[in-house]
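Build the full structure now, drawing on both the sequences and the hints.
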Amino acid sequence: MTKRRIIPVVSILAAASLALTGCGQSNTPTTTAQSASRSSQPLTVSDTWIKAADSGMSAAFGTIRNTSDKDVTIVSAAAPVATMVELHETVMGPDGTMKMQAKQGGFVIPAEGELKLEPGANHIMLMDLTKPVQAGDQVTFDLKTSDGGSVTFTAQAKDFTGANENYTAGEGSGSAPAAPAK
Amino acid sequence: MGSSGRDNTTPKPGAGVRRRHLLFGGAAAGVGALAAVGTQLAGKPVPPLPSDSGDGANGARTVPFYGDRQAGVGTAAQAHGVFLALDLKEGTTPERLKSLLKLLSDDAANLTQGKAALADTEGELALRPARLTVTFGFGPGLFRVAGTVPVPDGVSGLPAFSIDKLVPEFCGGDLLLQICADDPLSVAHAQRMLLKDSRRFTTVRWVQTGFRRAYGTEQSGTTMRNLFGQVDGTSNPVPGSAEFEKVVYGDGGTGSWALHGTSLVIRRISMDLDKWDELDRSGREESVGRKLANGAPLTGTAEHDEPDFAAVTPVGFPVIADFAHLRRARPDDPSQRIFRRAFNYDSVPGAGSVSDSGLIFASYQADIGRQFVPIQRRLDELDLLNLWTTPVGSAVFAIPPGCAPGGFVGEGLFA
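As you go down the protein sequences, you meet chains U and V in turn. The first sequence stops at residue 221 when you use the working numbering, and every number in between is there. The second sequence stops at residue 824 when you use the working numbering, and every number in between is there.
Derived from the structure by calculation, the hints contain no laboratory data. Accuracy of the hints is not assured; some may be wrong.
[Claimed, not checked] Looking from chain U toward chain V, a few residues come up when the C-beta cut is under 7 Å (computed):
#, residue
1, Trp88
2, Ala174
3, Gly175
4, Lys197
5, Asp198
6, Phe199
[Said to hold, decoys possible] Pairwise CB distance ranges (calculated):
#, chain 1, residue 1, chain 2, residue 2, range
7, V, Pro503, U, Pro133, 30 to 40 Å
8, V, Val613, U, Pro171, 41 to 51 Å
9, V, Asp755, U, Thr200, 29 to 39 Å
10, V, Gln522, U, Pro171, 29 to 39 Å
11, U, Pro149, V, Asp755, 45 to 55 Å
Even for Gly, the Cβ is constructed at its ideal location relative to N, Cα and C.
Structure representation (structure tokens):
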């Protein structure tokens, strides 16, 4: 597996444009990021994939690793295929069923540790897909860290019939599936 | 895999050596040692096996996925193999075909290396690959969808043979997945994962599941036996040898359709075990021209002895009969050679029967028309074995070259 170091950037704009052009069609999605290499909070993102969906919602998964000796917090995510992208956790609701909700404060990647984004657990939530995400598509993501860093990666779309936790955001909308697959 | 296409795994030497110590060192104790002594007394000395210590070492063995050539051809045959033929759904575009091949290559790259595939819901099953290989083959329909490379000669189909009683359920297909491992659970998991990622693009046309001896039952490299009890495949070219290179990947004389590519003919050969039962041992040996005990030609004593086709009996008949499979399958023209990598099958018997058994005959060659077809023609004309065997399935696939990390099998179609 190829992994590349992620280094926080001074200019997010410059980073994003460079990073996007750097996204090749690799079989294992990898992270890309840009330089201003004066900091030490490298993140790597690996084993990334996104649930294929024709419309509505979807979710992305993978492993984010922090090789620095300080915690790193990811505060937001963006992807060109959805108008709304959130960082989600899955928790048990008052009625005992698992529900997902926006993760307050973002994802903290512990120093020299990793955070796994998995179905039924933490994940990157996509809402209002602007176009179908088909199995085999490569979808680009951009994560922002609390200290102004940026992490870009591509995720391979895969058909997946799981990841159907209910969504608790909003009022009373507790039953929409995460990503209707077909 | 490398350019030789061979299995790079190395046997762990310790176990056999330790067992020898127990046997001959005078300090033998414990059930394992007693069992081993029992084996020694029961028959000829059993040579030490590369790994029989029960430590699970073989489950961790991997065969490289990436390389110039695909794995699963020159790889020493695993104990279990499944062949899956898929058909591309109507309306598949070249772009979607490319997506499919990328997804499947990525799955294969992970699973063969003992790693869960992306979105693998039973990832623990991937952790014991047991020499898992996934080999992709392209049927004529896939070339037509890609639309860039003409269907290679020979891949478009075989001539009709009079002995064939083909059923459509085991014929044809756009995309072949050949999945092999020394553990059937590893095969089943890979099959499940690959089909999950295929089902949006394809439908399953046929599945053929086969087996050889389990891992560790025999010394590796032992020629397989089929369900007739015959030693089957003695004259196969040895992977890594110059002959294997020429037969499978071609040279100046016999060209393959693509550099590091080859072709695969899969013939499902039904073997009538019930009728075979009626034949006595000498008749069985005559039908093939080899001894059942060790596969030696009837004119020799050891398996790999060269047959003497001129030898006659005291009353003047050929020792290896004119109708014997060995004589009929052996070409006069040395370029007419194939590399076989067969698996037995033993399916659920039909009503009123007790067996549905046979051979998944997988034949690799650079040039189907010049290598496979002439042999099959001769067997079609005359082969006593035809009395007990019937080809019921037939499919032909081009085996594309392998790929490097970041690439995918079949990328040459989209260059």
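These are the hints, each one checked on the structure:
The closest approach between the C-beta of Trp88/U and any C-beta of chain V is roughly 4 Å, which is under the 7 Å cut-off, so the hint is satisfied. The interface hint given for Ala174/U holds, since its Cβ lies 5 Å from the closest Cβ of chain V, which is under the 7 Å cut-off. Hint on Gly175/U holds. Least Cβ distance to chain V is approximately 2 Å, under the 7 Å limit. Below 7 Å, beta-carbon pairs count as interface contacts, and Lys197/U has one with chain V at about 4 Å; its hint therefore holds.
Residue-level restraint check for Asp198/U holds (minimum Cβ-Cβ distance to chain V is 5 Å; threshold 7 Å). Given hint, Phe199/U at the interface with chain V, holds; its Cβ is 5 Å from that chain's nearest Cβ, closer than 7 Å. The hint said 30 to 40 Å for the Cβ distance between Pro503/V and Pro133/U, and at roughly 51 Å that hint is violated. Look at Val613/V against Pro171/U: about 24 Å separates their beta carbons, and that is not inside 41 to 51 Å.
Checking the proposed 29 to 39 Å range against Asp755/V and Thr200/U shows it holds: the Cβ atoms sit about 33 Å from each other. With their beta carbons about 31 Å apart, Gln522/V and Pro171/U fall inside the hinted range of 29 to 39 Å. Remark: the range hint 45 to 55 Å for Pro149/U to Asp755/V is upheld by a beta-carbon distance near 53 Å.
Figure legend: structure checked against the earlier numbered hints; hints not met, in rising order: 7, 8.
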